[in-house]
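K.L.:
Below are the chains, spelled out letter by letter.
There are 2 protein chains.
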Amino acid sequence: MARTIERLAIVGLGLIGSSIARAVKAKLPGVAVTGHDVSAAVRGEAQALGLCDRIAADPAEAVAGADLVIFAVPVGGMADAARAVAPGLRADAIISDVGSSKAGVGAALREALPGHLVIPAHPVAGTENSGPAAGFASLFDGRWCIVTPPADAPAGAVAALEAFWSALGARVETMDAAHHDMVLAVTSHLPHLIAYTIVGTASELEEVTESEVIKYSAGGFRDFTRIAASDPVMWRDVFLANRDAVLATLQRFNEDLTVLQQAIRRGDGDKLEDWFTRTRAIRRSIIEQGQDDAAPDFGRKH
Amino acid sequence: MARTIERLAIVGLGLIGSSIARAVKAKLPGVAVTGHDVSAAVRGEAQALGLCDRIAADPAEAVAGADLVIFAVPVGGMADAARAVAPGLRADAIISDVGSSKAGVGAALREALPGHLVIPAHPVAGTENSGPAAGFASLFDGRWCIVTPPADAPAGAVAALEAFWSALGARVETMDAAHHDMVLAVTSHLPHLIAYTIVGTASELEEVTESEVIKYSAGGFRDFTRIAASDPVMWRDVFLANRDAVLATLQRFNEDLTVLQQAIRRGDGDKLEDWFTRTRAIRRSIIEQGQDDAAPDFGRKH
Chain W
1 MARTIERLAI VGLGLIGSSI ARAVKAKLPG VAVTGHDVSA AVRGEAQALG
51 LCDRIAADPA EAVAGADLVI FAVPVGGMAD AARAVAPGLR ADAIISDVGS
101 SKAGVGAALR EALPGHLVIP AHPVAGTENS GPAAGFASLF DGRWCIVTPP
151 ADAPAGAVAA LEAFWSALGA RVETMDAAHH DMVLAVTSHL PHLIAYTIVG
201 TASELEEVTE SEVIKYSAGG FRDFTRIAAS DPVMWRDVFL ANRDAVLATL
251 QRFNEDLTVL QQAIRRGDGD KLEDWFTRTR AIRRSIIEQG QDDAAPDFGR
301 KH
Chain A
1 MARTIERLAI VGLGLIGSSI ARAVKAKLPG VAVTGHDVSA AVRGEAQALG
51 LCDRIAADPA EAVAGADLVI FAVPVGGMAD AARAVAPGLR ADAIISDVGS
101 SKAGVGAALR EALPGHLVIP AHPVAGTENS GPAAGFASLF DGRWCIVTPP
151 ADAPAGAVAA LEAFWSALGA RVETMDAAHH DMVLAVTSHL PHLIAYTIVG
201 TASELEEVTE SEVIKYSAGG FRDFTRIAAS DPVMWRDVFL ANRDAVLATL
251 QRFNEDLTVL QQAIRRGDGD KLEDWFTRTR AIRRSIIEQG QDDAAPDFGR
301 KH
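If you read the protein sequences in the order shown, they are chains W and A.
Its first residue numbered 1, the first sequence is counted upward by one per residue in UniProt numbering.
Its first residue numbered 1, the second sequence is counted upward by one per residue in UniProt numbering.
Incorrect hints may have been included.
If chains are identical, the list can't say which one is meant, so a pair holds when it fits in one copy or spans any two.
[Stated by the list, open to error] List of simulated lysine-lysine pairs, BS3-like, C-alpha gap at most 25 Å:
hint	residue 1	residue 2
1	LYS27	LYS301
2	LYS301	LYS25
3	LYS271	LYS215
4	LYS271	LYS25
5	LYS301	LYS271
6	LYS271	LYS27
7	LYS215	LYS25
FYI, nobody ran anything at the bench for these hints, they're computed from the structure.
Let's have the full structure, built from the sequences with the hints guiding it.
P.N.:
This is how it looks when you write it as structure tokens:
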């Protein structure tokens, strides 16, 4: 039988943690939410924003009595955050998280909390902004949340976590943690790495000034700057945690880039046109499946 | 003394050409506009949309009497389009274009139209859509238009072209054609190449299906699909025309990507965090200078 979540603890009140708090308040008003953040400044901000029913300065106190504890901290900080709350955990609490890599995070949480039930999850949603003020209740609407339960997880607990994310507006999918990490390496980590790279490259050329790059960014460059403005610590941790899958997809990207580079050098217009024609179809599918706006230019105001 | 534009001919009625027609109708109602497109289907669509005062099937007839002729065709098609209109050109007409590479296009237009005054220009604006229905009058508002006059261009003609683009809402800058091509290689061509590459890579992996890539694209990938949905022929021509600058900036990008790849492999978190922190500032500047929306996630609806 599916358990019901009545008391939620959120550890980490940045963009995602604060969005969960807001979404619970809006869509699951019966659930009591306690929030904690390691930073006193963030706790103060969360308090002022009225994000949670209660903000606890002490991590163990924050999770006391909670039947669901969600860690919403950079993936490299999961183990420390888990050890800090351990003394306060209910024995039967569901332990989950929102990290962008799953195999490593699951292992870290299980090691930090032996005997506890860990069911990692990842809402594939976000913006380039950070901190408790950046969150909003509709962040998860229509986005996918990937749950990666271990093989021996009790079905009732998995169902409760899935129902929780569905209630927040997400569509839920389950998969193996290793497969999640490969999928996200392609759909999220590699794009961030490429965006960070090109924005860095453009800002350090001798021939073109940074001020020119900014001025003429509407030619395409500005699209990359959005995700290259994402939280540096969060992304540092993602690349370290999902290293193997990221390096594997990066190798494939490099091969393809070399092929196109050679086509440009040789003046092989047919190869370029053929490639560019195929990529058009992907965007059409993304829009059809509701994963992006159909409006031109992302719906930017003109 | 600056000349005044009274009769405009637009050759090529796609996204940019049709946006010029619309912007002139909205902001320079005194200017008579004749449009031409090599495609009968596009001419019919332009006629139905009422884009121009007159649509001419014959290219030479389209430019007859025009004091400004703007070629808005893929850069590889400029020379043919110019030869086609040549018999109808006024001797003192200003010949311009909107192509994304300038040194090659300027040379091609001058060679095709000996004795005529050619002043290339490039409005740094667009969307991922194509065709006459995709244009809109406000496309150039607040965007930069780069004019690359040859050293011997009469000041009055240059001023007239600049005034024309200002009147359409653009901010105007002049620079040397070779420098333009280097600037745009960084701010537009390399980003398109990278986006085309990664979208192709993601759609052909064995480990992750195309349907998974589409489903979980909100993690960052979808940002790249917008410009990778741009017109394939236009972009084929841009890479062939601006080959040297594109390959030079691509080499710099590859160096930087290798550095970050090595940092990931070695687990050098400090290097990653330092890099990711620097790139944040660039986006802030782009927003401050009005070249992108401040709204999170490009202002996408949530």
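K.L.:
For each hint, tell me whether it holds in the structure or not.
P.N.:
Now the hints, each set against the structure:
1. LYS27 - LYS301: between (30 Å within a copy, 19 Å between copies)
2. LYS301 - LYS25: between (31 Å within a copy, 21 Å between copies)
3. LYS271 - LYS215: neither (32 Å within a copy, 28 Å between copies)
4. LYS271 - LYS25: neither (53 Å within a copy, 39 Å between copies)
5. LYS301 - LYS271: The answer is neither: 35 Å in one copy and 36 Å across copies each exceed 25 Å.
6. LYS271 - LYS27: neither (50 Å within a copy, 41 Å between copies)
7. LYS215 - LYS25: Answer is neither: 42 Å inside a copy and 27 Å across each miss the 25 Å cutoff.
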